[in-house]
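Asker: Sequence:
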Amino acid sequence: MNIYLTGPANKCLNANIRITGSKSESNRLLLLQALFPNISIKNLSNSDDAMVMQKGLQISTGEVDIHHAGTAMRFLTSYFASQNGKEVILTGSQRMTERPIKVLVDALRSLGASISYEHNEGYPPLRIKGKMLTTHKVSLPANISSQYISSLLLIGPNLVNGLELELIGKITSVPYIKMTLALLEEIGVESTFEGQLIQVKPKKDVDAVELVVESDWSSASYFYSIVALSEIGTEIKLSSYKENSLQGDSILAHIYQEFGVSTTYTETSILLRKVAKTQRQTFNCALENAPDIAQTIAVTCMGLGIGCHLTGLHTLKIKETDRLEALRIELTKLGGKVAVTDKDLKLAPALSIKPNVAIDTYNDHRMAMAFAPLALKTSITINDAHVVSKSYPDYWKDLQHLQFIVKEE
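Following my numbering, the numbering of the sequence shown begins with 1 at its first residue and continues without gaps.
By construction, these hints were calculated from the structure, which means they are not laboratory data.
Note that the structure is predicted; figures quoted are calculated from it, not measured.
A few of these clues could be false.
Taking CB as the label site, the calculated pair distances span [stated by the list, open to error]:
| # | residue 1 | residue 2 | range |
| --- | --- | --- | --- |
| 1 | E194 | K337 | 38 to 48 Å |
| 2 | G305 | T6 | 11 to 21 Å |
| 3 | A208 | K102 | 34 to 44 Å |
| 4 | T61 | V275 | 48 to 58 Å |
| 5 | N38 | S110 | 26 to 36 Å |
| 6 | S116 | A208 | 33 to 43 Å |
| 7 | V275 | I329 | 28 to 38 Å |
| 8 | K333 | Q257 | 25 to 35 Å |
Just so you know, even glycine gets a beta-carbon here, dropped at the ideal spot from N, CA and C.
Given the sequences, and given the hints that come with them, work out the whole structure.
Answerer: Listed below in structure tokens is the structure:
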């Protein structure tokens, strides 16, 4: 399904949008719920990723297919490795079989796990024979995806002797590590994070508790972009959010001040307002702690006609697609002058945007959603628009609520 998008006639927007629960929080809590069944969860994400995570956790033997869900691949690898008696083959889409997982497998093997590769060394599918893991000390490179680190931390309380994880080198994506530890704390699991060492204490049982998932800040990023590209006076209210968020992408509230967007917190929501035009010619930002919003920011800058230099993007090469290369190709189609390396992106200020361009999405939900706000500047087509279901199934419906013209082609 391709979608042809045109922005609303009135570029001064006003709407209330309710966004589903955070995919990051949901998948962490689903794994903890599998370990401690008396945990209950409210406002769970309705994303494809959360659904395949739920389904995967219910399987004890046979094949577990997580499709495009990278978080589920990493979290379930550790989960099944630590579950005595379970034996599965963990697999996914063609792209998933090209995404490396050796660092995590090696770490789990050092804890005593029984994991083998079905085809190519270092890549899914994985054959996992669950067993009791008694070794508790392990080390990982600190600059890898935080999902590898969180994957190990989440099973820590279920290990006989807990977990002692040493991070080697400069630590990136710290907010996501802290999110995991904060959720462990909410269910009564003790942990420490001092310097390069993280310790998680073992815990046999937790008290019954109901946890409410905050709405997804990554999904909010697209509305920040819409507000930035709209007229002064635009107001969009998003729920349910909190000021002391555990999510790294909540840095959006600070970043988008540079694009004239203010954020006001209420008890359960955020109000985004376009209050000024940006005075910048270029925007520089280090995104080691929030790489998932790089696409949104790059497209916002393209729409505003300003340049940007985004750094700390080394994890984007192994996402649903090579996001840096995908951004380079699609921004170039629109008339942008873009240069990328394996860890950064530079966009020159653009005087205009080419109209009626079709954006390819590369099986990547964030490519589809990040480029859609450009419909405020020119008509645009999003190819394979259904990919948004991976994290935000209601996205196109919510754009219609904002009076965008959304036509299936």
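Asker: Take the hints in turn and mark each one as holding or not.
Answerer: Going down the list of hints, with the structure as the test:
For the pair E194 and K337, the supplied restraint of 38 to 48 Å holds, since their beta-carbon distance comes to about 45 Å. Distance hint check: the CB atoms of G305 and T6 are about 20 Å apart, consistent with the given range 11 to 21 Å. Separation of A208 from K102 is about 38 Å and conforms to the stated range, judged on CB atoms against 34 to 44 Å. Between T61 and V275 the C-beta distance comes to about 57 Å, which sits within the given range of 48 to 58 Å.
Against the hinted window of 26 to 36 Å, the Cβ-Cβ separation of N38 and S110 comes to about 31 Å, which satisfies the hint. For the pair S116 and A208, the beta carbons lie near 38 Å from each other, so the given range of 33 to 43 Å is met. The hint said 28 to 38 Å for the Cβ distance between V275 and I329, and at roughly 34 Å that hint holds. Judged by the Cβ atoms, the range 25 to 35 Å given for K333 and Q257 holds: they are separated by roughly 29 Å.
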